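Participant: Sequence:
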Amino acid sequence: MILCVDPDADALAATRDALADAGYETATAGTAAEAHDALDATDSDTLDALVTEYELPDGTGLELVREVREHAPDTTCILFTSTPVTDVDTAAFGDVIADYVTKDDPESRAELRDVLEHALAFQCQTAYPLPEDEDARLAALERYALDPDALGGSLDRLGELATALFDVEAAAIGLIDAHEQRFLACHGIAFDPIEREETVCTYALLDEDVTVIEDVREDPRFEANEGLRAAGIAFYASASLVTPDGQAIGTFCVYDDEPRSFGERERELLTMLADEAMEQLELRRERVEGGGGADA
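Counting in the numbering used here, the sequence shown runs from 426 upward without gaps.
For the record, the hints were derived by calculation from the structure and aren't laboratory data. Model, not experiment: these values are computed from the prediction. Cβ atoms here follow ideal geometry from the backbone N, Cα and C, with glycine treated the same way.
If you anchor each label on the Cβ, the simulated ranges turn out as follows:
| no. | residue 1 | residue 2 | range |
| --- | --- | --- | --- |
| 1 | Asp670 | Thr527 | 42 to 50 Å |
| 2 | Leu563 | Ala434 | 37 to 45 Å |
| 3 | His604 | Thr527 | 27 to 35 Å |
| 4 | Ser507 | Glu643 | 39 to 47 Å |
| 5 | Asp581 | Gly715 | 20 to 28 Å |
| 6 | Arg491 | Glu542 | 20 to 28 Å |
| 7 | Asp529 | Leu563 | 36 to 44 Å |
| 8 | Ala447 | Glu711 | 41 to 49 Å |
Please work from the sequences and hints to get the whole structure.
Facilitator: Structure representation (structure tokens):
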């Protein structure tokens, strides 16, 4: 569903009709308050995009973008506005990401449709990279998260083995869903669920090989990550948990508080541990789906 917000009733109707003609389901609002009401009545999973004028009677379009992202973090947001881009106060909104399309061009709504189609297809406004097959990956993940609390006990020993095998401070096994990473087992470190944009593992999902960051503090993607610094993580390596049909649903990670190297044999062994963890998840999935229940 596309939420269109514009105080100009005629312009709003024209935008709604153009998007409806392109096959999109739409909802409309003339003010930020009306948009809030629409958001409150909408499941975050069904909100695909926000298309909003910048100047609203009770706020700005960028304020609304920020609020929408809190409601549904992956929502595509587009300022479709008569306000010149030079008059849009982007500095006040930090890292808020939105596309800009001017309403003054005669072909503006055709351009809006093109920008919207591209943004939805490539999910290019997320604060973190996504696998090309993210929808299929999430669908696969659902089959292995039937009873997360019951999954952890059988994996703890693999984490303990990893810390001894690689002589590192900590190890963790986690699943990565649409918006966060949840940990099934941790050894040497304790993690609550982490927002996906804050975790190294969301980047590791894109790597077909073992991901190794010898000094996390020197990597520009993570040098400002306060969570990693607070946890004392300087070294990171992980292998993906890959389902039998090829979907990476999580990672088997090892961490240390000092930078270090990680050789080819160590990478092979970490992959073996990740494969073993995935086999355990697969066996438990088969048991649960077969009606045998899940024991710890």
